[in-house]
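Whenever a hint applies, use it, and build me the whole structure from the sequences.
When we follow our numbering, the leftmost residue of the sequence shown carries the number 3, and every step to the right adds one.
Think of the hints as simulated: they come from the structure by calculation, not from any bench. Don't take every hint at face value.
When the alpha-carbon atoms are kept at most 16 Å apart in a straight line, the in silico EDC-like pairs for lysine to aspartate or glutamate are as follows [unchecked claim]: (1) Lys-37 <-> Glu-66; (2) Lys-237 <-> Glu-216; (3) Lys-37 <-> Asp-175; (4) Lys-237 <-> Asp-175; (5) Lys-180 <-> Glu-234; (6) Lys-181 <-> Glu-155; (7) Lys-181 <-> Asp-264; (8) Lys-159 <-> Glu-98; (9) Lys-180 <-> Glu-241; (10) Lys-159 <-> Asp-264; (11) Lys-152 <-> Glu-216; (12) Lys-190 <-> Asp-250; (13) Lys-37 <-> Asp-61.
No experiment lies behind these values; they were computed from the predicted model shown.
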Amino acid sequence: MTEALYPYSRTPFDLAGKTALVSGAAGLLGVEFCKALASARANVIMADIQPQSLEDAADIVRKEFPEPQIVSQIVDITNTDSISHCVDMVQKEFGEIDVLVNSAAIDAKFDKTSDFSKYSGFTEFPEDLWSQSINVNLTGTFLFTRQICKIMETAGKGSIITLGSNYGLVGPDQRIYKKEGEDIQSYKPVVYSVCKAGLLGFTKYLAAYYAGTEIRVNMLTPSGVYNDQDKEFVKKYSEHTILRRMSDRKEYWGAILFLASDASTYMTGANLIIDGGWTAL
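Below, the structure is given as structure tokens:
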């Protein structure tokens, strides 16, 4: 082990000997959360529904952080049998789950190449996409967390972190998503804000439910993450932030480590907002 590779050793952020389970681990932020946790020496179970993307992501984390155990596990968070299989594997391999990161989600995307682009507006938004998003983002998170909480209750401790969004706090400015000169315009869909706001309520409920225990429940709320979006979108989005830019995916490492570790032992029921000042305006 080198101090340069594992800089959090022997600090309040050190997660050596602890086990973290991350859903949506192959996602843009999910893989970064896994890297951050591994950098603090946690054993990380990377869970996702996409087999190839998951294995590719796990290989990246293993190559960068060879010391802790990095395990990939396919899971469908909307399926209780799949969840049970995942949890059984984790218990057999590691015993306890100290940290749960809920980052699995789907986001109904609309663009000019999408079959549903003309339905992205509120009055035409299709019920099937509404139900699909609710099923994964809310019901799936509930089912997955419920199963993990049984393990944490037995251990008497744990940290649960759920990924939110600035759009769970304020409504999207749809001007950001509109493009000049196009007949069919895109919108950030209603179900995205509904799901993220619902997860904030879920977080506060669960934190209050575990009052008097060492099971802590918090939310991490990021803002837009730069991922090679077109220049027009980046410019419009950046103008809404005090820092005048989108975030870099690595800028959430510190936040996830803070919430996962003993650095935040007096924090529960909170929403840690890392949005470049978006919601301060």
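Now the hints, each set against the structure:
| no. | hint | in the structure |
| --- | --- | --- |
| 1 | Lys-37 <-> Glu-66 | 8 Å, holds |
| 2 | Lys-237 <-> Glu-216 | 43 Å, violated |
| 3 | Lys-37 <-> Asp-175 | 32 Å, violated |
| 4 | Lys-237 <-> Asp-175 | 14 Å, holds |
| 5 | Lys-180 <-> Glu-234 | 10 Å, holds |
| 6 | Lys-181 <-> Glu-155 | 50 Å, violated |
| 7 | Lys-181 <-> Asp-264 | 46 Å, violated |
| 8 | Lys-159 <-> Glu-98 | 10 Å, holds |
| 9 | Lys-180 <-> Glu-241 | 15 Å, holds |
| 10 | Lys-159 <-> Asp-264 | 11 Å, holds |
| 11 | Lys-152 <-> Glu-216 | 14 Å, holds |
| 12 | Lys-190 <-> Asp-250 | 21 Å, violated |
| 13 | Lys-37 <-> Asp-61 | 11 Å, holds |
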